[in-house]
Amino acid sequence: EVQLVESGGGLVQPGRSLKLSCAASGFTFSDYAMAWVRQAPKKGLEWVATIIYDGSSTYYRDSVKGRFTISRDNAKSTLYLQMDSLRSEDTATYYCARLGYWYFDFWGPGTMVTVSS
Amino acid sequence: DVVLTQTPVSLSVTLGDQASISCRSSQSLEYSDGYTYLEWYLQKPGQSPQLLIYGVSNRFSGVPDRFIGSGSGTDFTLKISRVEPEDLGVYYCFQATHDPWTFGGGTKLELK
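The listed protein sequences correspond, in order, to chains A and B.
Sequence positions in the first sequence follow our numbering and run 1 to 117.
Sequence positions in the second sequence follow our numbering and run 1 to 112.
No lab work stands behind these hints: they were computed from the structure.
Be a bit skeptical, because a hint or two may be false.
[Claimed, not checked] Across the chosen pairs, the derived CB separations fall in these ranges:
#	chain 1	residue 1	chain 2	residue 2	range
1	B	T74	A	G44	15 to 21 Å
2	B	T14	A	Y53	41 to 47 Å
3	A	R16	B	Q27	36 to 42 Å
4	A	R87	B	G73	32 to 38 Å
5	A	E89	B	D99	17 to 23 Å
6	B	T74	A	M112	32 to 38 Å
Glycine included, each C-beta is placed from N, C-alpha and C at the ideal position.
Generate the whole structure from the sequences, applying the supplied hints.
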């Protein structure tokens, strides 16, 4: 059974950093591209970043480019999102999702990030 | 960025009714390879989103055949025949044809 479990969320002050993790199990992690998708409170979904199966290519939405870094450790079957220079508008639930080709076929339960002083 | 406009924003139905959700794109979603990267997701209350339809009309594994996706170019529709209680929640269309990938604003399906 495919399982994705995010961790690392919490309350952080504006301008500070946070690193999210997503532990994957139930499939061969190194075979799949992975992504982060976020959802601000009571709002819709927003794609954040994607990393291909071997980590050699990454893609970001403009609003997080230069501040967020997606990475992976295939030996540990873990996906990461390093978030620097956090802003109030980054407050959201962050979901880790597996990419079955181009679509998100499995999602984790999410981890909440609150950026506030 | 490609804007996906979903209508209606909210849809009240009686169990057993048919429901129809529209997703209109600001640009054609047909990629240069001829494929259309348009998906539908459902987010049930308190849960993560789940994939329903990929490539406009292909049902994901385990999705009942009462979910039917259709459309082309800029206009897409998700139809749910015979709505059941487990179908309630917020439906999102999504496109991966153009960078950045974008979601529609969502359509909330609720009971009348």
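Comparing the hints with the structure gives:
1. The hinted window of 15 to 21 Å between T74 (chain B) and G44 (chain A) holds, with their beta carbons roughly 20 Å apart.
2. Take T14 (chain B) and Y53 (chain A): their Cβ atoms lie about 45 Å apart, and the range 41 to 47 Å holds.
3. Hint check: R16 (chain A) to Q27 (chain B), Cβ distance near 37 Å, so the stated range 36 to 42 Å holds.
4. Checking the proposed 32 to 38 Å range against R87 (chain A) and G73 (chain B) shows it holds: the Cβ atoms sit about 36 Å from each other.
5. A hinted range of 17 to 23 Å for the beta carbons of E89 (chain A) and D99 (chain B) is consistent with their spacing of about 21 Å.
6. Distance hint for T74 (chain B) and M112 (chain A): a CB-CB separation of about 35 Å, consistent with the stated range 32 to 38 Å.
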